[in-house]
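J.: The lines below spell out each chain.
Protein chains: 2
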Amino acid sequence: VTWSGRRRGSTRTGRRVGDSGAREAILSASRAQFAEHGYDGATIRSIARDAGVDPALVHHYYGGKEKLFAAAMQLPFIPSEVITAALTHRDPSESLGTHMVRTALSVWESAEVRDAFQTMLRSALTSDHAAATLREFVTESILRPLASAADGGVAERTPFRASLVATQMLGLALSRYVLRFEPVATASAAELAAAVGPTIDRYLTGDIDDAQP
Amino acid sequence: VTWSGRRRGSTRTGRRVGDSGAREAILSASRAQFAEHGYDGATIRSIARDAGVDPALVHHYYGGKEKLFAAAMQLPFIPSEVITAALTHRDPSESLGTHMVRTALSVWESAEVRDAFQTMLRSALTSDHAAATLREFVTESILRPLASAADGGVAERTPFRASLVATQMLGLALSRYVLRFEPVATASAAELAAAVGPTIDRYLTGDIDDAQP
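For the protein sequence lines, the chains are A and B, in the order given. Be aware that the first sequence starts at 885, since it is given in this note's numbering, and climbs by one per residue. Be aware that the second sequence starts at 885, since it is given in this note's numbering, and climbs by one per residue.
Hints are computed from structural coordinates only; laboratory data are not their basis. A few of these clues could be false.
[As the list claims (entries may be wrong)] Far from chain B, by Cβ distances over 10 Å, these chain A residues were calculated:
no.	residue
1	Ser-912
2	Glu-965
3	Pro-1029
[What the hints assert, rightly or not] Beta-carbon label-pair distances, calculated as ranges:
no.	chain 1	residue 1	chain 2	residue 2	range
4	B	Ala-919	A	Ala-919	30 to 36 Å
5	A	Ala-919	B	Ser-904	39 to 45 Å
6	A	Thr-1010	B	Gly-925	23 to 29 Å
7	A	Glu-993	B	Asp-975	41 to 47 Å
8	B	Thr-1003	A	Gly-936	40 to 46 Å
9	B	Gly-925	A	Pro-960	33 to 39 Å
10	A	His-973	B	Ala-1074	36 to 42 Å
11	B	Glu-965	A	Arg-933	52 to 58 Å
12	B	Ala-940	A	His-921	28 to 34 Å
13	A	His-944	B	Thr-1010	33 to 39 Å
All residues carry an ideal CB built from backbone N, CA and C; glycine is no exception.
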C-alpha cells in the first residue's frame, strides 16, 4: 500500500483531518478573511466555516480573534498581553512610561518581531485596506489596553492619550530599527527610556492641553 | 521638412538640448545616481556627467544636492528651508516645539507632501539601500538644522536630541495620515500642537536624562 502522493492529514475529499492540517486550514482561512473583511469584519464563525472546522476548535487552538490574527501575521507575541504585563509587573521606583519604553525595546530586540512590524507596515503603506486592518487591530489590541492605563491616572480623553502614545512608540520603532536614524539607532535602552519615558507618562496621565511646557 | 519622429530637444547624437530636455536628463541621472550611490555618495559632478551637461547647469537649475534630491523625489518643499523658516519666523508667545508641530501639520495638509512621504517610506521599508538613502537625506536636511535649534538652548547631545524629535514627528505623520489612528487622525492642529509641542521642546532643550518626569 502506498500513499500515492497524498499529503498526510488530508482526506480524498480535501477536508483536512488531524491537528496540523486543521491548524493550517484555520490560519489560511483567517488570512483570507482578515484580508477581505479587515480585523473588525472577520469573525471566528466565518473563519471556521471557510476552514471546514467547528468554531470551538478555532477557540481551542487560538483562544480568540486577537491571538488568531497574531498567529496569521506571524507576530511572535500578543500585544495586549505585553501591555497588560507591563502595566502590572513593574518596579514602583520606575515611572510607568519609562517601564513601557524599556518593555517595548526589549520586545523589539527580537528579529522576528521587527520583521513582522516591517511587513505589516509595508502592507499598510501599499494598500488602504491593509492600513485599515492594521488600524483596527492596533486599536483593539494596543490602544484599548493603553487607554485603560491612562484611565487609572486621569479619567479624561483617554483615547486621545492612547493614540498619542502610539505616535511616539511607532516613530521610535521606525526610526531605531528600520530607518536607523543616529544616534537613536545605537542609543542604549536606558538612554531611550530616560528620554522617551517622560513623554509617555505625560501622554498617559499628564497635562496635554497646555501649549507651554 | 519633417522631424521624422525625433523628439524635440534631442540632437541626432542623443545629447539633449534645450531647457526641459536638460532638466529631465538631470533629474533622470540624479534618480539613478541616488539609487545607486545613496544620498551621501551621489555627487553633482557625477550626475552632470551622466546627464551630459555641465555641473554649473545643475547648480543653476537646482541650486544644490538637497534641492535636486527633493525635485527627483517630487518633494514639493525643501525640508531644511521649512525648518529654518519655522525656527526664525515664530510668535515669541508660542514655544518652539508647539510652533514646529503646527508648521509640520500645515506642510502635511498637502496631498503631494503626504504622497511623497508615503512613497519614500514604502521604499525604505522594502529595501535597506533605499532606507540608507532616506536616512542620509533626513540626517542632512532635517536632523542637522534641528540639531542647531537644540544647540541654541543647551549645547549638549544635540544629535541625540534631533533624532528624538524625528521619532515623534515621524510617528505623528504616520499615525495621523497613513494608519489614521483615532483620535489623532481627526484631532485639530491646535490640539496636537498643545499635546505634542512640549515633547518637542523637552527633546530640543529640556531634561532628557532623568527617568522620572
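J.: With reference to the structure, classify each hint as holding or not holding.
T.: Results for each hint:
{"no.": "1", "hint": "Ser-912", "result": "25 Å, holds"}
{"no.": "2", "hint": "Glu-965", "result": "20 Å, holds"}
{"no.": "3", "hint": "Pro-1029", "result": "14 Å, holds"}
{"no.": "4", "hint": "B:Ala-919 with A:Ala-919: 30 to 36 Å", "result": "31 Å, holds"}
{"no.": "5", "hint": "A:Ala-919 with B:Ser-904: 39 to 45 Å", "result": "44 Å, holds"}
{"no.": "6", "hint": "A:Thr-1010 with B:Gly-925: 23 to 29 Å", "result": "28 Å, holds"}
{"no.": "7", "hint": "A:Glu-993 with B:Asp-975: 41 to 47 Å", "result": "43 Å, holds"}
{"no.": "8", "hint": "B:Thr-1003 with A:Gly-936: 40 to 46 Å", "result": "41 Å, holds"}
{"no.": "9", "hint": "B:Gly-925 with A:Pro-960: 33 to 39 Å", "result": "36 Å, holds"}
{"no.": "10", "hint": "A:His-973 with B:Ala-1074: 36 to 42 Å", "result": "38 Å, holds"}
{"no.": "11", "hint": "B:Glu-965 with A:Arg-933: 52 to 58 Å", "result": "57 Å, holds"}
{"no.": "12", "hint": "B:Ala-940 with A:His-921: 28 to 34 Å", "result": "58 Å, violated"}
{"no.": "13", "hint": "A:His-944 with B:Thr-1010: 33 to 39 Å", "result": "38 Å, holds"}
Checked against the numbered hints given earlier, the structure breaks only hint 12 and satisfies all the rest.
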